[in-house]
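Undergrad: Residues per chain, in single letters:
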Amino acid sequence: MKRHRAALIALHVALGLAALGTLFPLLWMVSGSLMATGEANSFPPRLFPAHPTLSHYAALFTRLNVGRYFLNSVIVAGGATVISLLLNSMAGYALAKLHFKGRAQLFRVLVAGLVIPAQVAMLPLFLVLQAMGLVNTYVGAMIPAMATIFGIFLIRQYAMGIPDDLLGAARMDGASEFRIYWSIVMPVIKPILATMALFTFLSTWNDFLWPLVALTDDAKYTLPVALAGLAGEHVQDTELMLAGSVVTVVPVLLAFIALQRFYVEGITAGSVKQ
Amino acid sequence: MSRAPGERAQARAAWVFLAPALLLITTFFFLPVVTGLALSLTDFDLYSIGHPDNIRMVGTANYRALAQAPMFWSALKNTLYFAFVGAPLSVLAALAAALLVNSRLTKWKGFFRTAYFAPFVTTLVAVAIVWKYLYHPRFGLLDAALGAAGVHAIDWLGNPMWAMPAIIVVAVWRSFGYNMLIFIAGLQRIPHELREAAELDGAGLWARLRHVTLPQLTPTFVFVGVITAIGFFQLFAEPYVMTGGGPLNSTLSMVLYMYQEGFRWWRLGSAASIAFVLFALVLVVTILQLLWRREET
Chain F
1 MKRHRAALIA LHVALGLAAL GTLFPLLWMV SGSLMATGEA NSFPPRLFPA
51 HPTLSHYAAL FTRLNVGRYF LNSVIVAGGA TVISLLLNSM AGYALAKLHF
101 KGRAQLFRVL VAGLVIPAQV AMLPLFLVLQ AMGLVNTYVG AMIPAMATIF
151 GIFLIRQYAM GIPDDLLGAA RMDGASEFRI YWSIVMPVIK PILATMALFT
201 FLSTWNDFLW PLVALTDDAK YTLPVALAGL AGEHVQDTEL MLAGSVVTVV
251 PVLLAFIALQ RFYVEGITAG SVKQ
Chain R
1 MSRAPGERAQ ARAAWVFLAP ALLLITTFFF LPVVTGLALS LTDFDLYSIG
51 HPDNIRMVGT ANYRALAQAP MFWSALKNTL YFAFVGAPLS VLAALAAALL
101 VNSRLTKWKG FFRTAYFAPF VTTLVAVAIV WKYLYHPRFG LLDAALGAAG
151 VHAIDWLGNP MWAMPAIIVV AVWRSFGYNM LIFIAGLQRI PHELREAAEL
201 DGAGLWARLR HVTLPQLTPT FVFVGVITAI GFFQLFAEPY VMTGGGPLNS
251 TLSMVLYMYQ EGFRWWRLGS AASIAFVLFA LVLVVTILQL LWRREET
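Protein chains in written order, with our numbering: chain F, 1 to 274; chain R, 1 to 297.
I should point out that these hints are in silico values taken from the structure, not numbers from a laboratory. Computed from a predicted model, the values in this text were never measured in an experiment. Incorrect hints may appear among the rest.
[To be verified] Just a few of them, taken from the derived set where beta-carbon distance is under 8 angstroms, the chain F residues facing chain R:
1. L8
2. L17
3. A19
4. T37
5. L87
6. I152
7. S245
8. L259
9. Q260
10. V264
[Stated by the list, open to error] Heads up, incomplete: computed chain R residues facing chain F, CB under 10 angstroms, no partners named:
11. F29
12. I129
13. F139
Where is the CB? At the ideal position from N, CA and C, for every residue including glycine.
Only chain R is shown next, with the shape it has when bound in the complex (with noise of 0.2 angstroms):
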């Protein structure tokens, strides 16, 4: 009996302790993503921001028009092609250093993993500035390097075969730290037994690797793979400060064009559009994910 004041107190406290945050991430977020699908339904643009009665309904005509826009077909085109390319990449780089220093003979275990996790807590606008340089087919570094192994200077960042994979080298350098720390948690998390009676059967390094430590990692990789794909759909910062999305556009990226949709041209209903194709492309790889992981259970 005495129990329900008290319950109903802490009903009470618990709504005060939510509201604060409930109501800032309700404004500031769900609201907005709401009134985005709207706005992707209209033609707002610079002159209704003055006049808001200026706005019309246009249906799907936002969507139609990029459908017909060479611009958001290239911007599709390379941020598929960055997020497939580099994150396997990076997935891969991340394993082989986890694997490495999770070595039983490896010594300085914290020192590597510092030096391999450090870029990624650097701001990514500075960096991208640091390999831009490092990128230039003058005075850069790399080329230097490789001019004194006879290869011929490459205009890495102004060449649009060259341009996206110069980006994705950054992006997987930044990114695979992270991975890293992952996969060791991961690599950490398998019993012991399993191991050493591989050991006593016998196994070598490859065939454990191949039969005991991959299989038991399979659910990290899945993890890992997709919140870095995720992450590598939301390109921006690389190309907006090394290449503003150039050369011939071979960089502009799906978050770079609404970017310049919306603010630069201020064509918000078209970029809201634009950012509703990328959120579809974020949904079809989590609800994949989510099958895979129904199926394993």
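Okay, chain F solo, but in the shape it has when bound (with noise of 0.2 angstroms):
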């Protein structure tokens, strides 16, 4: 009895440090962004505000235009979320349920297209762009995300299993193949939309190379690429960037944690294609 009590002890103990070590920098980055100027280069170093201030906020809002970025974020994010959601699903759908000649090379082609890093199709794509006239559009910024090989295929991994007897009912009843996706397929969808939802979302958000590339002008500068652009000028503004960062962080991590059940769920179902 006494041994099992230390095991359990020193499990917990080992859990709380790891926990400590992980959360360490995120409640740190917290923290720093409410110490005055120069508090956090102090020596010898501080972890928590003499007086918590939110004056760095108000200058990132008021005078650095985060603003204007933060809704960037949201558009860009927002709109391939949405358009992601839709083209997927459609494709997933027809690539799972519906019988059409070529259907199995057409899912083999799809497939071997995942093993293609994004980066090789980049400078092309940038080059498309630009003969399109996107270049510095939030159009151009979605376009790799709106429609995703990962996306259809998570999406056709969960509509394998609808039962072809309810498809086969509604078309007896008449109902349109568009009816048929729209009103059958989409309710029963629903977990696994959210967990894609979730992920375009989170990704299209976080990702800094593409959007490098493709917004030109500051006033299209999504987050991650205006805090880069900052840092870089803003060296010795230690609690001022760690405010930048708290305002680009914390809005995935909210909807992290919101949703993070569809999260991890999608994350086993992904890992199960193997």
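Starting from the two chains in their separate frames, assemble the complex, guided by the hints.
TA: Next up, the structure:
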């Protein structure tokens, strides 16, 4: 009994220390963002602000235009999420449940495409967008996320589980194929749609390389691109940059915590493909 | 007889449903990949953007130039170092965390799982900035903590020997929670009877881990290792934000090198050839994994 108790304590001490390690940078980011200018660079270093202040947040939104970048991020990540939900679900459902010639071959080509890293397409993609006049537009920033092979794959795996009888019965009743997709399939696949929405929103919000390439004008920058630029100019303003990091990270962290059930299920589903 | 028109309607509907996604993926992914390969065989540069007639086919000249460029070899070496040291560390940390969180004795599993996973959903650029301050040689908390333990301050990001390990720590911190979730799913798929049988045979914790749990996890292990390594090959934001690829190119990664060649110097032909070397790396690792899986089954 005593040994059991010791093991229990050791286990939770190890778990607690590891949690402290993973959360520390995030907690310190918040704490430092509330410190007075220069306080985060004091010696010996401080963990907590002596007099918490929101002045750096005020400076970000008034002086540094961060409200604009925030809005850009919301537009790009939100837009990509809505569009990808629609396009990926249509394609994934068709691949899972509709019969047509070449279905298996098409699926194989798409899956093979999963191997290619996105960076390989990036340079020519930039030239394509330039030819189409889409450089430095929201649409240009959203394009790689609008329809994705991974999203189609995720929906297809889930939609395979829809009973054929359900669709057959609707067809007997004379429902059109679009009506079946919209009124029967969409409600059934809601859990995987939630998962995919979260995946897409988080990855588009956090993405750095593509918006860095596609957006050339300061007024269109998303938060990560703007933040990387500001971090170069304001190296000494530790507290200000920590506040900028908080503004960037908090929306995705909150979205994740609120919807983490779907996220965890999605990761498990995605790994089962192996 | 009456099924034929219905089937035709279904096939038509299928292509209508597929068309928008396929059109986007073809135009903005598959075609650029093919164009990229062609681009890597040209001398496309700043002057070609305004006057496409200036583009010349140069065969494998870009690839041969890469093989002569010390910067390229640094980028390749650094990327391999980052991936083949960082990915195993991430996988091991993930396995340890999964075993601890999944233990029957553990309380507050949900909290620990979320705490370990949280770094993964954060914005890389933002947390790279936070870590950069933590690594600061004068004001950073890391050196302050080490100083309290009597260790001399180290300029983590300013020292060519330490900069890459410092970036590896950030990448492991951010990625292991994701891998942990996959391991937990793998652990939960292990049949209970196996563990119970081992317990009845009197196997202790360690013996059970070695002879039951780990062998059962092998497929998960390989899967997690491969996707992590492939993800790590694409290192970009950390060096971009934290070191700019320095000091002395010690954190210059393949993708950062590609970005600089392509979008700073507008040598798009050369940048495209770097992208395809990266693709080749990913392909080799993927094929090795497929071969391994064929061997297993």
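Undergrad: Decide, hint by hint, whether the structure agrees.
TA: Hint check results:
For F:L8, the suggested interface contact is upheld, since its CB lies about 5 angstroms from the closest CB of chain R, less than 8 angstroms. Because the smallest distance between the Cβ of F:L17 and any Cβ of chain R comes to about 11 angstroms, over 8 angstroms, the interface hint for this residue is violated. Given hint, F:A19 at the interface with chain R, holds; its Cβ is 4 angstroms from that chain's nearest Cβ, closer than 8 angstroms. For F:T37, the shortest C-beta to C-beta distance to chain R is roughly 13 angstroms, which exceeds 8 angstroms, and the interface hint is violated.
The closest approach between the C-beta of F:L87 and any C-beta of chain R is roughly 4 angstroms, which is under the 8 angstroms cut-off, so the hint is satisfied. The restraint placing F:I152 at the interface with chain R holds, with a minimum CB-CB distance near 6 angstroms, inside the 8 angstroms limit. Hint on F:S245 holds. Least Cβ distance to chain R is approximately 4 angstroms, under the 8 angstroms limit. Nearest Cβ of chain R to the Cβ of F:L259: about 10 angstroms, over the 8 angstroms cut. The hint is violated.
At a threshold of 8 angstroms, the smallest CB-CB gap from F:Q260 to chain R is about 7 angstroms, leaving the interface hint in force. Proximity of F:V264 to chain R holds as hinted, the smallest CB-CB distance being about 6 angstroms (cut-off 8 angstroms). Checking R:F29 against chain F: minimum C-beta separation of about 5 angstroms stays under 10 angstroms; hint holds. Using the Cβ-Cβ criterion of 10 angstroms, the hint placing R:I129 at the interface with chain F is satisfied: the shortest such distance is roughly 5 angstroms.
For the restraint placing R:F139 at the interface with chain F, the shortest Cβ-Cβ distance is roughly 4 angstroms, inside the 10 angstroms limit, so the hint holds.
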